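The chain contents come next:
Protein chains: 2
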Amino acid sequence: MTAPLVERILARDPRAIARAISKIENDAPDANEILKALFAHTGRGVTIGVTGAPGAGKSSLVDKVALHYRSEGKTIGIVAVDPSSPFSGGALLGDRIRMQALANDSGVFIRSMATRGNLGGLARATVDAVAVLDAAGYDRTLVETVGVGQDEVDIVKAADVSVVVLVPGMGDDIQAIKAGIMEIGDIFVINKAEREGVERTERELIALLEMSERSDGWKPPIVRTVATQNKGITEFAASLENFAAFRRQQTASLERRASVAQNRIIELLRERLLRRALDEALEPGRLRELAMQVASRQRDPYSIVEEIAGKIQISSN
Amino acid sequence: MTAPLVERILARDPRAIARAISKIENDAPDANEILKALFAHTGRGVTIGVTGAPGAGKSSLVDKVALHYRSEGKTIGIVAVDPSSPFSGGALLGDRIRMQALANDSGVFIRSMATRGNLGGLARATVDAVAVLDAAGYDRTLVETVGVGQDEVDIVKAADVSVVVLVPGMGDDIQAIKAGIMEIGDIFVINKAEREGVERTERELIALLEMSERSDGWKPPIVRTVATQNKGITEFAASLENFAAFRRQQTASLERRASVAQNRIIELLRERLLRRALDEALEPGRLRELAMQVASRQRDPYSIVEEIAGKIQISSN
Chain A
188 MTAPLVERIL ARDPRAIARA ISKIENDAPD ANEILKALFA HTGRGVTIGV
238 TGAPGAGKSS LVDKVALHYR SEGKTIGIVA VDPSSPFSGG ALLGDRIRMQ
288 ALANDSGVFI RSMATRGNLG GLARATVDAV AVLDAAGYDR TLVETVGVGQ
338 DEVDIVKAAD VSVVVLVPGM GDDIQAIKAG IMEIGDIFVI NKAEREGVER
388 TERELIALLE MSERSDGWKP PIVRTVATQN KGITEFAASL ENFAAFRRQQ
438 TASLERRASV AQNRIIELLR ERLLRRALDE ALEPGRLREL AMQVASRQRD
488 PYSIVEEIAG KIQISSN
Chain B
188 MTAPLVERIL ARDPRAIARA ISKIENDAPD ANEILKALFA HTGRGVTIGV
238 TGAPGAGKSS LVDKVALHYR SEGKTIGIVA VDPSSPFSGG ALLGDRIRMQ
288 ALANDSGVFI RSMATRGNLG GLARATVDAV AVLDAAGYDR TLVETVGVGQ
338 DEVDIVKAAD VSVVVLVPGM GDDIQAIKAG IMEIGDIFVI NKAEREGVER
388 TERELIALLE MSERSDGWKP PIVRTVATQN KGITEFAASL ENFAAFRRQQ
438 TASLERRASV AQNRIIELLR ERLLRRALDE ALEPGRLREL AMQVASRQRD
488 PYSIVEEIAG KIQISSN
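Those sequence lines, one after another, are chains A and B. All the letters of the first sequence, read from the start, carry residue numbers 188 to 504 under the numbering used here. All the letters of the second sequence, read from the start, carry residue numbers 188 to 504 under the numbering used here.
Bear in mind the hints are in silico, worked out from the structure with no lab data behind them. A few of these clues could be false.
Identical copies look the same in the list; a pair holds intra-copy or inter-copy alike.
[Stated by the list, open to error] Derived SDA-like pairs: lysine to any residue, alpha-carbon spacing no greater than 20 angstroms straight-line: (1) Lys223 - Arg206; (2) Lys498 - Glu458; (3) Lys223 - Gln480; (4) Lys406 - Asn213; (5) Lys498 - Trp405; (6) Lys223 - Asn291; (7) Lys223 - Arg199; (8) Lys498 - Asp466; (9) Lys406 - Gly230; (10) Lys418 - Glu383; (11) Lys498 - Gln449; (12) Lys223 - Leu474; (13) Lys406 - Leu289; (14) Lys498 - Arg463; (15) Lys261 - Arg387; (16) Lys261 - Asn291; (17) Lys223 - Ser483; (18) Lys498 - Arg462.
None of the values given here were measured: they were computed from a predicted structure.
Just chain A, with the same shape it has in the complex (with noise of 0.2 angstroms):
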């Protein structure tokens, strides 16, 4: 069953890409047999993560360059990370529209990942879908995160190319978040430069970066751009690939795709082991119960806990 879908997103059939990231978000029974027949071809593309301060217009950043890429003949996946409500746990920039010329494009696919609830999931979800894109042959795979949290911050992470996008002039939290995900920059933009402050925003961030050390040796380029404008597009594209090349040739490339792969396994570990105690622990309705008990104070929750992982046996070989 899974064999024809396989060759269809190798033949890069948006249709069964479509299929296949649904399978994903879904957690049906074949999505890991799909992905692991993928495995094999993913590698070739370049996948760029964008992340940054709400506000700083990753969209149209993110819209333009794919643009650009395309002038030059690329194939483009964008996924798009979208904050969506606790309790309702739908897309809410699933509808945001993205333009039209994107859209209507058969060598671009877009795609929004939303966060799916307690189990969480986000970041695994996201990176597997940025993979069947890449098995699927985009040559340029851009992931879009909106907000600082653990999972977005996980998303960019496990991109070849990660970009902090900034504006000039915002609050001190600002200045707390730009720390928090300075380490994780290859490139820096300055969206919205023709705004007030952003000189002073350029100094600060220059100060903060030679605060700092890479042991690759890279040293982040900070590009301005007005991406409404399409102003700086080029120079940002030229950035990307100038990393990637970097990237591509440096001896430490392969610690480093190791310390994502560990990432990786840890996160889909995380994920099945909890699927699993909770599916074979526990009878149906059980859960619930205890949670009743906690919420009532007859138990606490740490001993619940306990109980359960008391029915786990784990062999070491």
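Position chain B relative to chain A; hints supplied.
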């Protein structure tokens, strides 16, 4: 060994509290026993989760409402969740200067929590830390989170009262985030309300709130503040107390606590299982070896996780 520590926590000894929270952060072997012993003493205070976009002035707001509560003689815990570097693992707002008036007040306990790297657990550790402060008898515990990731949502959902802080006139992403955190807000604050655009932000917020209807019938109030000038703080505190009173008397309260408890059990279980699998199913150094195999594309991560999961037996009783 844990009994004296627990007694000292219940007597609100700040050093004992700080030590217990450090044990929680570091996953000390006796952390669980401490939490189990404290559990029966929790639920007396009110925990208030404060979230919102970066730059919204959450810290000032938290500081000012803490001072207000102090003027009423209430004891206050403050937990600031810091975005942190994914590589260094350190807290970046840890040294943010809080108001001296709070820092030197023995009726106030202030603590920063930071991300702890790949194994996650920030939400779990933060909720545990809040439980310690609650058991210690602080009347109000304010939890302040920066960002809008899943961790932040989990933390705020675990609070008795959830506050979403907005500022006038930010960009499109803010609209999306506003929607994303819309449903977790019991109270909405428009801070920096002296700024241009406050009317429009309030109108948009009212429109958004009218679209959604809460099952408990609560209509989230909108409070305007200028935290740095101490404006609107009394009204903010009053709305916090109103909602806490509403929640205490509502019949659906047990149901909601059960759903909080269920998330809690899942979060604790997730972390426990991963830790055990990494410790017990893999020889030291094996994870790194497997990661290298994935990095060099000799193996795929999905079959590795299947193999590890295969070493785990779960019994249903």
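Okay, the hints, checked on the actual structure:
For the homomeric pair Lys223 and Arg206, the shortest alpha-carbon distance inside one copy (16 angstroms) is at most 20 angstroms, but the shortest distance between copies (46 angstroms) is not. Within a single copy, Lys498 and Glu458 get their C-alpha atoms as close as 18 angstroms, and across copies as close as 16 angstroms, so both meet the 20 angstroms cut-off. Taking identical chains as interchangeable, the C-alpha atoms of Lys223 and Gln480 lie at most 20 angstroms apart only when they sit on different chains, with a minimum of 14 angstroms there against 41 angstroms within one chain. When the C-alpha separation of Lys406 and Asn213 is checked against a cutoff of 20 angstroms, the pair qualifies neither within a copy, at 40 angstroms, nor between copies, at 34 angstroms.
In the homo-oligomer, the alpha carbons of Lys498 and Trp405 never lie at most 20 angstroms apart, since the shortest distance is 49 angstroms inside one protomer and 41 angstroms across protomers. Taking the shortest Cα distances, Lys223 and Asn291 never come within 20 angstroms of each other, neither inside one copy (31 angstroms) nor across copies (57 angstroms). For the identical chains of this complex, Lys223 and Arg199 are intra-copy neighbours only, at 17 angstroms inside a copy versus 54 angstroms across copies, given an alpha-carbon limit of 20 angstroms. Taking the closest pair of Cα atoms, Lys498 and Asp466 come within 20 angstroms of each other both inside a single copy (12 angstroms) and across two copies (17 angstroms).
For the identical chains of this complex, Lys406 and Gly230 are neighbours neither inside a copy (24 angstroms) nor across copies (51 angstroms), given an alpha-carbon limit of 20 angstroms. Taking CA atoms no more than 20 angstroms apart as the test, Lys418 paired with Glu383 passes inside one copy only; the shortest distance there is 16 angstroms, against 29 angstroms between copies. Within a single copy, Lys498 and Gln449 get their C-alpha atoms only as close as 27 angstroms, which misses the 20 angstroms cut-off; across copies the closest is 19 angstroms, which meets it. For a Cα distance limit of 20 angstroms, the shortest separation of Lys223 from Leu474 across copies, 19 angstroms, qualifies, whereas the shortest one inside one copy, 32 angstroms, does not.
Proximity of Lys406 and Leu289 under a CA criterion of 20 angstroms is satisfied in neither setting, with 32 angstroms inside one chain copy and 41 angstroms between copies. Taking identical chains as interchangeable, the C-alpha atoms of Lys498 and Arg463 lie at most 20 angstroms apart whether they share a chain (12 angstroms) or sit on different chains (12 angstroms). In this assembly of identical chains, the alpha carbons of Lys261 and Arg387 never lie at most 20 angstroms apart, being 36 angstroms within a copy and 42 angstroms across copies at closest. Taking the closest pair of Cα atoms, Lys261 and Asn291 come within 20 angstroms of each other only inside a single copy of the chain (15 angstroms); across copies the shortest separation is 60 angstroms, beyond that limit.
In this assembly of identical chains, Lys223 and Ser483 lie within 20 angstroms of each other by CA distance solely across copies; the values are 15 angstroms between and 45 angstroms within a copy. Proximity of Lys498 and Arg462 under a CA criterion of 20 angstroms is satisfied in both settings, with 14 angstroms inside one chain copy and 15 angstroms between copies.
Of the numbered hints listed earlier, those contradicted by the structure are 4, 5, 6, 9, 13, 15.
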